[in-house]
Each structure stands twice: as C-alpha cells, then as structure tokens.
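Given next are the chains, with one letter for each unit.
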Amino acid sequence: MSQNFKIFLVKIAAVACVLIVVDVVAGFGLKNLFYKQRGGKYYKISHAVKNTTEDIVIFGSSHASEHFDAPLMQKLTGKTTFNFGNQGQSILYTYPLVKSILAYHKPLLIIVNLDYSELQYKSEAYERLSILMPYFHVNSAIDSAIALMPDHQDLKCYSALYRYNSTLGNIMLNTYSKKIMQLSYNNGYEQISGNICNVDRTENPQNEIGLVRFDQHKIDYLIKLAGAAQKANVKLLITTTPLYNYNPAVKNVYKEKLIQILNQLTITYLDGGTNADFKGKCQYFSDDTHLNPQGADGWTTLCSQYIKSKLL
Amino acid sequence: MLFTSVQFLLFFFITTVLFYLLSPKFRWLLLLLASCFFYMAFVPVYILILGFTIVIDYLAGIYIEKNTGHKRKSLLIISLVANIGVLCFFKYYNFINDNIATALLNFHHQTPFPYLTILLPIGLSFHTFQAMSYTIEVYRGNQPAERKFGIYALYVMFYPQLVAGPIERPQRLLPQFYATHNFKVENISAGLQQMLIGFIKKLVVADRVALFVDNVYNHAADQSGKSLALATVFFAFQIYCDFSGYTDIAIGAAKVLGFDLMKNFNRPYLSVSLTQFWQRWHISLSTWFRDYLYIPLGGNRVGNLRRYLNLLIIFLISGLWHGANWTFIAWGLINGLLIVLESVFKISSKRGHWLTTVCKTIITFLLICFTWVFFRSANIHEAFYILKKIIMFDGTIIQSNDHYYYAFIVVMALVFFEVINEYKPNLYKLLPNSFAARCAYYALLVVVILQFGVFDGGQFIYFQF
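Listed in order, the protein sequences are those of chains A and B.
Going letter by letter, the first sequence gives residues 1 to 312 in the working numbering.
Going letter by letter, the second sequence gives residues 1 to 465 in the working numbering.
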C-alpha cells in the first residue's frame, strides 16, 4: 500500500468521523428546537408521545383535524379534548400515536375518524408517514410504522439530521411566529373557510372506486388499534364525517369491508357520510369532503350528543 | 436506479472499489457489466434495444472504414436509419398516430394504426445521439472504427452518462477506455466534490423548488397570475438544477474512476443573449446539433435567409428531441425564432457597462422563462392559458405552506453563488484551504443536504428524454 493511499484512507476516515460528529451534534440541536414548537402538525405528535392528559382524543386525516372542533366538544361534553388529526394521514399514523398515548395515559374515549376508502391501498399513505420520522426510536410502535415506509427510511433515520429533514421551516414558524401559533393552537382543531354554494358540482368523484386493492397493513393496524384500546379498557369510537353528495346506492367494497371489520370487532361506529343533516347542504362544505367551521360545529355537536348519551 | 438513491451510492461504491482492485486490462469489462446492471435496473428488457443498435453501429463503423464511395454512405445511412428508427418508434409513434387520428377524425375516418402501450426506454435520445456521433465521425474519417465490441458497447453504455448525457464524442471518450486509470487521490477528491454539488443542486434546489412549482402548475386554473409567474421563474431554476445536478453527479462519478466527461453547463442564466444561453446550456447537445446538423446544412457560409431557416430547423428538431408533444415543438420553434431575431437585430453577446449587462441578463432570463412555460405545460392550450394569466399578473402569491419560503431561499442562495462564480471567482481563494477547512466545508454541505434536501422528489426531468 503506497504512502499516498494510506494518507487518503486516513483522510477519508477523518472526514467520516467529522460527518458523524456533525450529524449527532446538529441532530441534537435540532431535536431541542423541535420540541419547542407550540403549534403545527408536529406539535400534535409531540403532544401525543409526551404529554397527553386529555379525556377525549381524536385521530384521523384532515377529515378529523378540520371537522372535530375540539374546544366545542370539550364544552359540550365537559371532558378535556384534543384533536390529533393531521392532513393526509391514515390509520398507519393513528395506531402508533394511540399506542404512544396508551403507554402512559388512559383517556376516556378515543375517536378515530376513517374515510369509507380507508382500507384502500394508497402509496401516499406510506410516504406521508415521514411525519413520524423525527420520533424515530421514541417507541417501538412508531419505529414499526416508519419501517413500513418505502426506500429504507428506517435505516436512513439512523442519521439524526435526516430524521429532522425539512423541519427547520416548521420549527421557525411554529416556535416564533405568533400568527401561526394562534391559528393552530386550538386543541388541534384546524378551520378551513369557504363554502361550495357557488361552485358547479356536476361531478361526483368520491363514488368512483376503480381497481380494488385492499391494504393489509391498514387492516392489521385497525385490528391492533381495537385490541390496544380494549386491553387498556378505553372506549373506542370510529366515525366517518359527513360528505356533500355521497351516493349510498353505489357499491363501495371498501366501505363494506370497513363495516364488516368494525362489526366483527364490535366497535361503535358513527357514520356521518350519508347523514341527511349535511348531505347536499352546500353551506356546510368547503369542498366535497371537507366541512367548513359551520359544518364542523354542526358535526361536533352531533358527535358530542352521541358521545354523552352512549359512551360517557 | 436513480443517482440520488441509496442503491446507486452502494452500486457506485462497489464498482469503484472493484475498478481499482482489478487489473487495468479487465476494467472495461467491469464497467460494461456495471453499466448493463445499471441500465437493467430501470426496465431490464430494454437492454435488448440498446444491444440491437450497438451491434448495428459497431458493424457499420467497421464496414464504413473498410469501404469507399457509395457503399460507405449506404452503410452510414443504414446505421442512422436504425438509430433514428428505434428512436422514432418508441418516442414518436403514439404522438404521430394521435395526430393522424385527430386529422382523420375530421374526415370521419379512424386511424388504421393501433395505439401502443410502450414505455420509452430511459435515456434513449441521449445514447442514440452518442451512437450516431460515432458512425458519423468514422464516416468522416475523424475516428478509426472501434474493433473491440466490448469497448464500443461501453462507449454507448458507460453508466455515469448513459441515461442523460453529457453526449460524448468518440474522439474524447473511446481513448479513455484504453488508458490506464491509476488511483489518484485528486481524482477521487475532485469527483466526490462535484458529486456533492450535484446532490445539492438536485435534492436541495430542484426537488425543493419542484414542490412549489408542481403545486402551482398542476392546479393552474386555481392560481393567480402572480403565482404562475413566480412558479415559472422557479421552474427555470428547477430544470437547471435538476439537469445540471445530474450532470455534476455524472461527471463527478466518472472523475472518481479517472474519466473526464465534457462540461454541459456554464451558468446559463447569466447569459446576456439567447445565443449565449444556448452556448452555455446543455452544451453537449448544442454542439452536437452544430457539428452534425447546422454545419452540414451550410452553417454560417450560406446567405442570411438560408441561415435563419437552418436555425429554425435545428431548434425545431431540438424541440422534438426533447419530447413527442406540441409543447416541445413550440418551445423549440420559439427559441429558434428568438435566436433568429437576435441575429437579425445584431444583438451582441458581449458584456459592456455593468448596468447594460444586468439589463441584458434579466431580459434574456425573462425570455427563457417565457419559453419554459411551453416546456412545463401539459399541452399548448394550457401554455397559452398560463401565459395569459401571467400577463394579467393578478392576485397574490400563494404562501399557504413552507414550500414557498424554502423555494425562495434556495433560489436566492443559488443565484448568489452563480454570480460569485461568474464575476468574482477569486473570492474563493480567500477561503482557507487546509484539510480542516475542507472537512468543515463538506460537513456543511452534508448538513444542508440532510436538512433541506427532498428525498422523495422522483426522477430527473431529463431521464424522460
């Protein structure tokens, strides 16, 4: 081995050491900043893994975060409530967070909102689990969710810096921007404005099924979720929030499968997808599947009454 | 296997180690096998198409050299027809068929040709042009025919530049496969540095900016004129960093192995005219068109009108080369027209007073952005719709998520470094050059990639060509 080559190897080793140290140190610094966030999507997850004390906890996608007015539900039920819903998320996100909470806290009720097509395979559902990456190694449930992601993300998460990829902007906005904090510091409830009364709605895309492909991971996670709640002796309510123009006459295999599983597991299910109080009422919707604050208040009120009378 | 994937990094590491461990006489074989593996990682069966053209061009090269007169020309034509035929079939068949179908529909007839569900072999336009340059150079007598089939196959398939160039010439690349590439620390260091820069361009700038651009362009009807204008400017940086980032990784990877590939970009957005832009953007393609099309058509030796026509033909073909869509044809033609106008009005590419230079740079950049609208739009109607909205310049810029802020910051940083590199390169000499300083520099780049990189950004834009 030539002297030159030896020096090269030593330098490569030195650079590698520097990179590892920088990764650890910068990762540590980012971690400290990360947990200082007081709003936004990550704040909800940090709240779930560390300091949940609420009686009612709500999970799901934007159909949860924008449809369940947590402060209103708190007022109507008299029980503290937090909305952990996050945009675009599925049961793959919900289960690890429920497990994280149940590890140290026993809420009175867990509400999980699931769309009719929840059990359909969608690759985006896995990509969106990147939201959990900063919580790698916080607990095994989160780690196994990250392991479901494509491209060996679980291996990449061994880099402390990579875990916090693209989070700096969120950290700055949700730690130092008062405007953002005011918007999102509402027990997790997020509002979207507008209605569809002046919009031409001739199409009805939500009734199209296309090629049927069930997601076995999601089915497994739903079953595990029910098991975890039962084991912890916590009540579980599954909901589907109102839809503007869902046609129940059209066969929906995903909905059938969902209801079949919920029946098998004897889980309480509140189906708002075809609720006549909302269906076709444009003033409640900001688009076909999202309620505006007026609609969200109506739905939260309906849910709160149901919870009070049947579950609490 | 994308350059930005973990699989590629592993593949590259193993190939490099084996390359230097092997005896020099077997290295070409390793590179050929590695290149086959790399290409087959996309769609394995398409290696047969590549193999077909390689065999034809290899034999054509040998027989062109052996023969004289008309036979030489016939062999060249056979080779070119085979290459262009494969390219046309995979790239343009459905496009031509669609347009025939639309035309026939006006006369209440249906096209007799079926629509084919075929996937374009990755990088087909690139290796077709590289293969064509070989047979043309052999025909011209500038390059001896390659006798070793494996070496010729490697010339077409060399994995760092197989799928998106730079489009090399045989005189530059073929001799390098015969040279002994000793392990040189400076090659490894320079190559890795260039790869790192490429990763920054692709992951931190191109894919980051794409989040904003795609969000706006994919919902153009819901966007304001200002958002569309900004997205178009950002797209200019996205495509630049996407393609030049790829090229940097390709050149860097080749450099690590001791090979020199040609420079493909030279800070194109700091050009002061469209003519200069095309001398700095995708240089290997521009020079290919110059050497094998523009000069044979008469080059600058013909009259002005003929020269303008030639320029339009070149840019029309350049547009078609990019993709089988009217948007690319329009993009090529608009570029051609602008170049012709520059020539007619004798707009100089020389830099004068700093204020003139700044104004000319900005005007050139805006004209390029105008052409990118056609490049980025899904169809011609959408392109005109977007242009109309941009001209109205109404509404506000969407800032609903952090994509806008990130995109803005990384684009500003890129412009800063491009300007420094162009006008004040000596500033870098003021920086310390000790080993510790270089370590700090690498560490900073890695931190930037890991924090600001987008790792699910998908493939390189130019792979589709």
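These are calculated hints, taken from the structure and not from any lab test.
Incorrect hints may appear among the rest.
Just some of the chain B residues that point at chain A, by a computed CB distance under 8 Å [unchecked claim]:
1) Val6
2) Phe8
3) Leu33
4) Phe183
5) Val185
6) Tyr406
7) Cys439
8) Leu450
9) Phe452
10) Asp456
Pairs of lysine-lysine residues, derived as DSS-like cross-links and limited to a Cα-Cα distance of at most 27 Å, are as follows [claimed, not checked]:
11) Lys11/A x Lys429/B
12) Lys25/B x Lys184/B
13) Lys25/B x Lys6/A
Ideal Cβ placement from N, Cα and C applies to all residues, glycine included.
A quick look at each hint next to the structure:
Given hint, Val6/B at the interface with chain A, holds; its Cβ is 6 Å from that chain's nearest Cβ, closer than 8 Å. The beta carbon of Phe8/B is not positioned within 8 Å of any beta carbon in chain A (closest approach about 12 Å), and the interface hint is therefore violated. With a least beta-carbon distance of about 25 Å to chain A, the hint placing Leu33/B at the interface is violated under the 8 Å criterion. A distance limit of 8 Å between C-beta atoms decides the matter here; for Phe183/B the minimum to chain A is near 7 Å, and the interface restraint holds.
Given hint, Val185/B at the interface with chain A, holds; its Cβ is 5 Å from that chain's nearest Cβ, closer than 8 Å. The beta carbon of Tyr406/B is positioned within 8 Å of a beta carbon in chain A (closest approach about 6 Å), and the interface hint is therefore held. A least Cβ separation of about 5 Å between Cys439/B and chain A falls short of the 8 Å threshold, and the interface hint therefore holds. Because the beta carbon of Leu450/B sits about 4 Å from the nearest beta carbon in chain A, less than 8 Å, this interface hint is met.
Checking Phe452/B against chain A: minimum C-beta separation of about 7 Å stays under 8 Å; hint holds. With a cut of 8 Å, the hint placing Asp456/B at the interface with chain A holds, because the nearest CB-to-CB distance is about 6 Å. About 22 Å separates the Cα atoms of Lys11/A and Lys429/B, which keeps this hinted pair within 27 Å; it holds. For the hint linking Lys25/B to Lys184/B, the alpha-carbon distance of about 18 Å falls within 27 Å, and the restraint holds.
For the proposed pair Lys25/B and Lys6/A, the alpha carbon gap of about 25 Å is at most 27 Å, so the pair holds.
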